[in-house]
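Taking the hints into account, I'd like the entire structure generated from these sequences.
Numbering-wise (the working numbering), the sequence shown opens with residue 1104 and increments by one.
Don't read these hints as lab results, they were simulated from the structure.
One or more of the hints may lead you astray.
Listed next, the in silico EDC-like pairs over lysine to aspartate or glutamate satisfying Cα-Cα at most 16 Å (straight line) [unchecked claim]: (1) K1249 x E1304; (2) K1257 x E1346; (3) K1262 x E1346; (4) K1153 x E1304; (5) K1257 x D1267; (6) K1263 x D1209; (7) K1200 x E1242; (8) K1200 x D1246; (9) K1262 x E1187; (10) K1270 x D1115; (11) K1264 x E1346.
Pairwise CB distance ranges (calculated) [what the hints assert, rightly or not]: (12) L1347 x T1164: 40 to 48 Å; (13) S1139 x F1342: 48 to 56 Å; (14) Q1159 x G1266: 37 to 45 Å; (15) I1324 x K1270: 17 to 25 Å; (16) L1196 x M1160: 56 to 64 Å.
All figures in this text were calculated on a predicted structure; none of them were measured in a lab.
C-beta atoms are modelled at their ideal positions from N, C-alpha and C, and glycine is treated no differently.
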Amino acid sequence: MEKFFDKIGLYDIWIVLFPGVIFLIGIRSLYDFMISLSGLISITPGMIGKLGLILQMNIATPSDIYELLVLLAFSYLCGMILHELSSILKNRLIYLKADPRTLLLDENAGILNNQELRNLMPFLKSLNNGNDFSQSEPEKLRDESKFLFHRMNKRLQDKKKSGDYVKLNIIYNMCGTLCIVLAILSLITFAFGADFFFHKEYFAFFYSLMILGIMIVLLLILLFRSKRYYRYWVRNIIFAYQELCWDNDSNSMEHIAPEQQESKTTKP
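Below, the structure written as structure tokens:
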């Protein structure tokens, strides 16, 4: 089973397949519930009972192996589309001007705090051939930041040291894709709410607004979580690369004679 998941890839499972399954099951369950909402309200006594109707939502699940395979196939296709929509949203709106990779050298961005940036600056400059960074030119500084990040990330991948940090990237991307899922479900809920309002089914209308509010709150939580894990991923890549360089320096010192080590580590 582990080899099977290795071949599929964690990205395919958690960023494509999982959001696709949530989307298909969620849209079917939401549609069935909203269609029957007016009838459920009319036969449910008491305000508390009506407010608890959402607990009666039936989750659409496959009934046999054929339906399960169909669900997985369509989920993967839907997941790819949802992930592409998520990428477009991030590139064209959320991170239009800059993202954590391009802001790691910016002391005002909060990716690294001022103390961390000061401590890391000699190390980061060594990756820039000892040259200073373009602090007075924001656009150029972002390009330098992105170049440094890709260089560090590529080196960690080559050394097979990036596995632990891939999980952070997966959570960031998964949360972004699930934001698209909730956005689409919110639009469907809004459409049902508008229909209830025009047909003067006001209790169903307010109920749909309650569901819409819950979805918007969940969407915002996932959005903030996505941003947070993006920053975590970038930060961890930086410190992991620094640790890799320290380990390489330590290993190289082990093969040097003691008197050479002393001359190598003692300042003139």
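Do the hints match the structure? See the list:
1. K1249 x E1304: Outside the cut-off at roughly 54 Å; violated.
2. K1257 x E1346: Between K1257 and E1346 the Cα gap is close to 15 Å, so the pair holds against 16 Å.
3. K1262 x E1346: Holds, at roughly 12 Å.
4. K1153 x E1304: holds (14 Å)
5. K1257 x D1267: holds (14 Å)
6. K1263 x D1209: Violated. K1263 to D1209 sits at ~28 Å, over the 16 Å cutoff.
7. K1200 x E1242: Status holds; Cα separation ~9 Å.
8. K1200 x D1246: holds (12 Å)
9. K1262 x E1187: Violated: K1262 and E1187 sit about 29 Å apart, past 16 Å.
10. K1270 x D1115: holds (13 Å)
11. K1264 x E1346: Satisfied, since the Cα-Cα distance of roughly 10 Å is no more than 16 Å.
12. L1347 x T1164: 40 to 48 Å: 45 Å Cβ-Cβ, so the 40 to 48 Å window holds.
13. S1139 x F1342: 48 to 56 Å: Since S1139 and F1342 have Cβ atoms about 53 Å apart, the given range 48 to 56 Å holds.
14. Q1159 x G1266: 37 to 45 Å: With Cβ atoms ~43 Å apart, the hint holds.
15. I1324 x K1270: 17 to 25 Å: holds (19 Å)
16. L1196 x M1160: 56 to 64 Å: violated (31 Å)
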